[in-house]
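Sequences are here, hints too, so could you generate the full structure?
As given, the protein sequences belong to chains A and B, one line each in that order. Anchor point for the first sequence: position 122 equals 122 in the numbering used here, and the numbering is continuous, going up by one each time. Anchor point for the second sequence: position 144 equals 144 in the numbering used here, and the numbering is continuous, going up by one each time.
The set of hints was computed from the structure by calculation and includes no laboratory data. Since the structure is predicted, the reported quantities are computational estimates derived from the model, not experimental observations. Each hint should be verified, as a subset may be incorrect.
[Unchecked claim] In the DSBU-like style, the derived pairs of lysine-lysine whose C-alpha atoms are separated by at most 35 Å in a straight line are: (1) LYS57(B) to LYS142(A); (2) LYS348(A) to LYS64(B); (3) LYS193(A) to LYS35(A); (4) LYS348(A) to LYS400(A); (5) LYS400(A) to LYS89(A); (6) LYS193(A) to LYS57(B); (7) LYS57(B) to LYS147(A); (8) LYS193(A) to LYS80(B); (9) LYS64(B) to LYS89(A); (10) LYS64(B) to LYS142(A); (11) LYS430(A) to LYS348(A); (12) LYS16(B) to LYS348(A); (13) LYS89(A) to LYS85(B); (14) LYS57(B) to LYS296(A); (15) LYS294(A) to LYS430(A); (16) LYS89(A) to LYS294(A); (17) LYS64(B) to LYS193(A); (18) LYS348(A) to LYS35(A); (19) LYS85(B) to LYS193(A); (20) LYS147(A) to LYS64(B).
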Amino acid sequence: MTTHLPIDRMIDVDRGQISREIFVSPDYHREELEKLFTRAWLFVGHVSQIPNPGDFFVSRMGDGSVILARDTQGTPHVFLNSCRHRGMKVCRYEQGNTSLFVCPYHSWSYTTDGRLQGVPLYRTLYDGQLDRADWSLVETPKIHEYKGTIWASWDPQAPDFMTYLGDAVDHLDQVLDCRDGRPGGSEVIGIHKWILPANWKFAAENFLGDTYHNPSHRSVDMIGIGPSAQRGQGGRRDNEYNNGQHVWVSFPQGHGVHSVLMPEQFDYQPSYMQYPIVEEYFRHCFHERQRRLKDKARIMPFTGNLFPNTSYHGRQPRGLCVWHPHSPTETEAWRFFLVDADAPAEVKDVLRRFYMRYSGPAGMTEQDDMENWLYATASSTGTIARRYPFNYQQSIGAYKTGSPLPGDVSVQITEQNARNYYQVYARYLKGDDWDSLLGRSTHPAQQAAE
Amino acid sequence: MSATLDRHGLAWFQLKQDVEDFLYAEADLLDQRRFRDWLDLLADDLVYFMPIRRNVKFGQHDEKENTRQGEGISWFDEDKWTLAKRVDQILTGVHYAEEPLSRVTHMVSNIRLLDASPSAEDAREVTVGSRFLVHQNRVEYETYTFIGRRTDLLRRAGASWQIARREMILDQNVLLAKNLSIFF
Chain A
1 MTTHLPIDRM
11 IDVDRGQISR
21 EIFVSPDYHR
31 EELEKLFTRA
41 WLFVGHVSQI
51 PNPGDFFVSR
61 MGDGSVILAR
71 DTQGTPHVFL
81 NSCRHRGMKV
91 CRYEQGNTSL
101 FVCPYHSWSY
111 TTDGRLQGVP
121 LYRTLYDGQL
131 DRADWSLVET
141 PKIHEYKGTI
151 WASWDPQAPD
161 FMTYLGDAVD
171 HLDQVLDCRD
181 GRPGGSEVIG
191 IHKWILPANW
201 KFAAENFLGD
211 TYHNPSHRSV
221 DMIGIGPSAQ
231 RGQGGRRDNE
241 YNNGQHVWVS
251 FPQGHGVHSV
261 LMPEQFDYQP
271 SYMQYPIVEE
281 YFRHCFHERQ
291 RRLKDKARIM
301 PFTGNLFPNT
311 SYHGRQPRGL
321 CVWHPHSPTE
331 TEAWRFFLVD
341 ADAPAEVKDV
351 LRRFYMRYSG
361 PAGMTEQDDM
371 ENWLYATASS
381 TGTIARRYPF
391 NYQQSIGAYK
401 TGSPLPGDVS
411 VQITEQNARN
421 YYQVYARYLK
431 GDDWDSLLGR
441 STHPAQQAAE
Chain B
1 MSATLDRHGL
11 AWFQLKQDVE
21 DFLYAEADLL
31 DQRRFRDWLD
41 LLADDLVYFM
51 PIRRNVKFGQ
61 HDEKENTRQG
71 EGISWFDEDK
81 WTLAKRVDQI
91 LTGVHYAEEP
101 LSRVTHMVSN
111 IRLLDASPSA
121 EDAREVTVGS
131 RFLVHQNRVE
141 YETYTFIGRR
151 TDLLRRAGAS
161 WQIARREMIL
171 DQNVLLAKNL
181 SIFF
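Spelled out as structure tokens, the structure:
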């Protein structure tokens, strides 16, 4: 599992320098697919997409198509979407309900729990040779549902998902929980899928805590597109976090978040002001959330990235993105938009409209991100360009471990989350064991605690 | 579609000619980057809708292929206010996805009048079908081709028309472009 690539020379987080090679080289892309995407826990879908037995949703893990299917007994599975006979995709519909996945090529068919059932002319051609039990669809050894989200890993040795998530859970919860603080309860109201001619890590890093890129969104902040824009509120969203302490937190497993820690006492700040029903709803949710969560309600989410390639927006907008690598310089981006399943119709309508004008390839905010990621990738592919590393020295050393929240916490804009992310990334590429990948053997704070 | 319309009379052909001219002139405004003038062609109650198209089983196309206007997430499901914001953004000069501006050509073809009300002679609203081929080239090497169907509801506004509803059916599932920073 070791590597021939000079990882430590390429990724020097102590000096804050990372080679452009990891963003543009086919060797690193190959190594990521072999050693990272085959081991890490990856987001594959949401229970609201497969509520009933027989429901399926075709997703992706790394460079492979997978099927998230709920079997007839109600258990979810994740299968490689490829027939065991000649590899044809057994499902080319994006979503639906079925009792069998039938391969179009030679008509092998599989049940919703992945077992090979139908083999045409079995008695004549295969009897005594082919044991169907050995030729099920390839299934991920690990799957976990957390508050409606479904995650999977190809590594049978992978730790359980909650260990992998670690203390980042307190931030992810603010995305997945109902706005009034009840646990879970979200639903997916739509998905964007698009092709991005950029390395996938630019997108992950953007959400991981790169608040420094805010000036690239100047145009949208100038015009104002938030849910109170027609009441004179500038910028791209409501100011829900006045008086809060912005925090950038990185975790030993490689996750990074940008959240806000509100003061011990904080009041509702009017939002969605151009929609009275929606404003009333969020006002109600705010007070309910404080009542339910108490001190935890002080954590308000902006963005985050769960290692390696699942990013989130916490409130305005709200959803999960997955950055699927196609090549070093091309990414397939998927965005899952979330609302509370039991929110009133007026609320869902205002949210979906805001999401569409903010997010994705048609979103007025994120179009500028895509432009940056494309040209940052393209202009790093040159022979001379590749000799010069990227600078990651921002706020180096400026963090405290475990204060005021678990994790390495910075209270100023920082690239610490990125430095930590690439340190963990390097461990995967070097083929480290799970103790190392979880930061257990190298993280000083963790060692001290133990 | 009104069964009583005379689709062979002179009024029908004159109306079709008029509508074609309007759509070509509209394309010119966009391609000449006269975005504010283009906004003037949009009715205040405009619906601008581009669904996301999904891969569905035979027989489910009517029901499930396209996302629906008014529900969930589409590429565009918006009003004139939002389109005006998009224009404002481009005109800031710092909307980097369109700075420098893309070179865009709108080809509009297969124009058919589908309906006119109350009559071809006195048409106050017309429904018109067309195909679009939009070619976008930006900076040095980026080129995108968007092909699909449009259905427009045009409303008489003095001597010209306003667009009251535009539905754009793009022939793509995974969007093969990094952005939809142009108008259709």
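Structure-based check of each hint:
no., hint, verdict
1, LYS57(B) to LYS142(A), "holds, 30 Å"
2, LYS348(A) to LYS64(B), "holds, 20 Å"
3, LYS193(A) to LYS35(A), "holds, 25 Å"
4, LYS348(A) to LYS400(A), "violated, 39 Å"
5, LYS400(A) to LYS89(A), "violated, 49 Å"
6, LYS193(A) to LYS57(B), "holds, 19 Å"
7, LYS57(B) to LYS147(A), "holds, 30 Å"
8, LYS193(A) to LYS80(B), "holds, 25 Å"
9, LYS64(B) to LYS89(A), "holds, 21 Å"
10, LYS64(B) to LYS142(A), "holds, 32 Å"
11, LYS430(A) to LYS348(A), "violated, 45 Å"
12, LYS16(B) to LYS348(A), "violated, 40 Å"
13, LYS89(A) to LYS85(B), "violated, 42 Å"
14, LYS57(B) to LYS296(A), "violated, 46 Å"
15, LYS294(A) to LYS430(A), "violated, 42 Å"
16, LYS89(A) to LYS294(A), "violated, 49 Å"
17, LYS64(B) to LYS193(A), "holds, 17 Å"
18, LYS348(A) to LYS35(A), "violated, 40 Å"
19, LYS85(B) to LYS193(A), "holds, 24 Å"
20, LYS147(A) to LYS64(B), "holds, 27 Å"
In this structure, the hints that do not hold are numbers 4, 5, 11, 12, 13, 14, 15, 16, 18, in rising order.
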